[in-house]
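For the protein sequence lines, the chains are A and B, in the order given. Per my numbering, the first sequence runs over residues 1 to 348. Per my numbering, the second sequence runs over residues 1 to 348.
Calculated from the structure, these hints are not laboratory results. All values derive from a computational prediction rather than experimental measurement. Errors might be hidden in some of the hints.
Note that identical chains are pooled: a pair holds if it fits in a single copy or bridges any two copies.
Stated by the list, open to error - Straight-line C-alpha distance at most 25 Å; calculated PhoX-like pairs for lysine-lysine:
1) K69 - K320
2) K274 - K173
3) K240 - K195
4) K50 - K101
What follows is each chain in one-letter form.
2 protein chains.
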Amino acid sequence: MAPKKVTIIGSGNWGSAIARIVGHNATTYKDIFDPTVNMWVFEEIVDGRKLSEIINTQHENVKYLPGRKLPENVVAVTDVVEASKEADILIFVVPHQHVGKISQSLVGKLKDGAKAISLIKGLSTNNSGGIKLISEEIREILHIEVSVLMGANLAHEVADDHFCEATIGTLNKVEDGEMWTKLFNTDNFRINVVKDANTVELCGALKNIVACAAGFADGLKLGDNTKAALIRIGLIEMMKFVDTYYPGSHLETYFESCGVADLVTTCYGGRNRKVCAAFVTANKPLAEVEQELLNGQSAQGPLTAEEIYPMLQSSKNLEKFPLFVAVHRICKGEVSPDKLIDCIKGRC
Amino acid sequence: MAPKKVTIIGSGNWGSAIARIVGHNATTYKDIFDPTVNMWVFEEIVDGRKLSEIINTQHENVKYLPGRKLPENVVAVTDVVEASKEADILIFVVPHQHVGKISQSLVGKLKDGAKAISLIKGLSTNNSGGIKLISEEIREILHIEVSVLMGANLAHEVADDHFCEATIGTLNKVEDGEMWTKLFNTDNFRINVVKDANTVELCGALKNIVACAAGFADGLKLGDNTKAALIRIGLIEMMKFVDTYYPGSHLETYFESCGVADLVTTCYGGRNRKVCAAFVTANKPLAEVEQELLNGQSAQGPLTAEEIYPMLQSSKNLEKFPLFVAVHRICKGEVSPDKLIDCIKGRC
Numbered sequence: 001m002a003p004k005k006v007t008i009i010g011s012g013n014w015g016s017a018i019a020r021i022v023g024h025n026a027t028t029y030k031d032i033f034d035p036t037v038n039m040w041v042f043e044e045i046v047d048g049r050k051l052s053e054i055i056n057t058q059h060e061n062v063k064y065l066p067g068r069k070l071p072e073n074v075v076a077v078t079d080v081v082e083a084s085k086e087a088d089i090l091i092f093v094v095p096h097q098h099v100g101k102i103s104q105s106l107v108g109k110l111k112d113g114a115k116a117i118s119l120i121k122g123l124s125t126n127n128s129g130g131i132k133l134i135s136e137e138i139r140e141i142l143h144i145e146v147s148v149l150m151g152a153n154l155a156h157e158v159a160d161d162h163f164c165e166a167t168i169g170t171l172n173k174v175e176d177g178e179m180w181t182k183l184f185n186t187d188n189f190r191i192n193v194v195k196d197a198n199t200v201e202l203c204g205a206l207k208n209i210v211a212c213a214a215g216f217a218d219g220l221k222l223g224d225n226t227k228a229a230l231i232r233i234g235l236i237e238m239m240k241f242v243d244t245y246y247p248g249s250h251l252e253t254y255f256e257s258c259g260v261a262d263l264v265t266t267c268y269g270g271r272n273r274k275v276c277a278a279f280v281t282a283n284k285p286l287a288e289v290e291q292e293l294l295n296g297q298s299a300q301g302p303l304t305a306e307e308i309y310p311m312l313q314s315s316k317n318l319e320k321f322p323l324f325v326a327v328h329r330i331c332k333g334e335v336s337p338d339k340l341i342d343c344i345k346g347r348c
Numbered sequence: 001m002a003p004k005k006v007t008i009i010g011s012g013n014w015g016s017a018i019a020r021i022v023g024h025n026a027t028t029y030k031d032i033f034d035p036t037v038n039m040w041v042f043e044e045i046v047d048g049r050k051l052s053e054i055i056n057t058q059h060e061n062v063k064y065l066p067g068r069k070l071p072e073n074v075v076a077v078t079d080v081v082e083a084s085k086e087a088d089i090l091i092f093v094v095p096h097q098h099v100g101k102i103s104q105s106l107v108g109k110l111k112d113g114a115k116a117i118s119l120i121k122g123l124s125t126n127n128s129g130g131i132k133l134i135s136e137e138i139r140e141i142l143h144i145e146v147s148v149l150m151g152a153n154l155a156h157e158v159a160d161d162h163f164c165e166a167t168i169g170t171l172n173k174v175e176d177g178e179m180w181t182k183l184f185n186t187d188n189f190r191i192n193v194v195k196d197a198n199t200v201e202l203c204g205a206l207k208n209i210v211a212c213a214a215g216f217a218d219g220l221k222l223g224d225n226t227k228a229a230l231i232r233i234g235l236i237e238m239m240k241f242v243d244t245y246y247p248g249s250h251l252e253t254y255f256e257s258c259g260v261a262d263l264v265t266t267c268y269g270g271r272n273r274k275v276c277a278a279f280v281t282a283n284k285p286l287a288e289v290e291q292e293l294l295n296g297q298s299a300q301g302p303l304t305a306e307e308i309y310p311m312l313q314s315s316k317n318l319e320k321f322p323l324f325v326a327v328h329r330i331c332k333g334e335v336s337p338d339k340l341i342d343c344i345k346g347r348c
């Protein structure tokens, strides 16, 4: 079999961190992968020079991952079709609001049999008030197989080669597991593959809602016991959500990095927690707090809570998800944060 | 049926916090419980007065839970036999090293059909290099049924009525669940009963080992990803330990308060984490660090790691529990803390 050509679609913080790993592994496993890895770069001018040129000469993404070298076999390409047309493997790692447009631009331009993996944490919505997984969105547009990679993976720590773990979820082709492992696994980035893609992806999105509840608890100084209880209740709602809307999950998946590990880091560090903790005492709308604290980045949790709300409502399941609902209503300013525990108790 | 007489054996921080709840519920459910709850107090002199007298007049344990009133129906009794002889329900909440001696003193002195519940987190050892659960120790000495209550329950937060959850594990009598719930559940102390006592109890003991690993990671500044990975790997070792030595657990139990919730709080707060983080840079034996930081209290994690080590060794399972083994060896000074991740990778 010809070595597989790999393209990374995205070159932000996480995309660049993952390019270090993928570039390295493509060189290591020459029999499996083409050693030249394309990385689609949205062109920007940095200090008067094109970002793509800087990457291809200095081998560093000076804007999004400064101070860390990219392997020389990772080549920046500014046209997404050009970057992807020869690819056997597409790694999607762009902000989730851009996935649809980028996928559309690739329709009819990909090699037969190309496979994708999404590293994007978040959800999309459909026209009927429901949600769509990012992997579903890519699959529907491009008609290709889409796996996902999620876990407790702060990009800068992965780039610094700190030991961590990640979970790859595949939908039905467990035989691809070895290929994905060879592409992503390193001594300090430990991959486990599970055949439970929807659960893996939903964990990555839903944990941000739980982190908002953890943030409110921190802001309200409710203490360690209460925070632990909220994280646990949030985890149970995540599981219930998957069971209700994407049935067929394995309980074991929640013990993977995408499950408890990612949930925990997000609830103790992470920007959702931070923004929501600050919101409690801020006396202004959440969007303003977000603006002030995140320097233009956005917190995913409030958005995800908003995206799933109509779905819970239309399926008459609001009462079954008191934490998810409370987070949404608090973020919207409809309920005061200090009513969080009352809401959890069903008195909201 | 005659109302059940309840005795709390122990009056420390946790014992006093739980006395507030049990005292309240015994009054609320007069048809089920005798409203007078005995609390065995190890007599001490505080500011020239007997602690038991202070409790019975001021209704406050001024030494171990100052600033919080005990219900007036909780009565301090200084003789453990006197306190327990009429009891239908015995709540054990003493330091784990005293359980054996206290239980011995009660042999032949209890009412027929008396039942116990242990709130004690820790392990005991047997004569053949193995471990014994605290509930097993009580059961063997007193030949009574012993359930357990565990969870993410810092005593002072429970005493302050902050919302939290706890898990009661019963061995085979699920019909007692309602009684235990009535005795312990309040609006802010949410009880769930599971028929999986050994798992519940082992979670309470083993999580302290994982918290040591989390502490080393903090001390070494390994970052959030690595800490999350260690907590996850630790949880998997907890599950494997239960499966190996106390088979028959339910996966669901780990999602209870006694599982992920207690693990998480202990790994982010808690004294095991604190002592082990300080140990990394202290350049002195762990026992000295403990002495300095904990003001005479002890960290359970290093002790529990030591207690299970011979068992792992004699059953040739050391390689299956790299985190538990690494924590023990680091605590003993046999391995440097900065080798933690190498140990987890099996290169220690």
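Results of checking the hints against the structure:
| no. | hint | result |
| --- | --- | --- |
| 1 | K69 - K320 | neither (48 Å within a copy, 36 Å between copies) |
| 2 | K274 - K173 | neither (38 Å within a copy, 44 Å between copies) |
| 3 | K240 - K195 | both (19 Å within a copy, 22 Å between copies) |
| 4 | K50 - K101 | within (23 Å within a copy, 76 Å between copies) |
Going down the numbered hints, you'll see the structure goes against 1 and 2, while the others check out.
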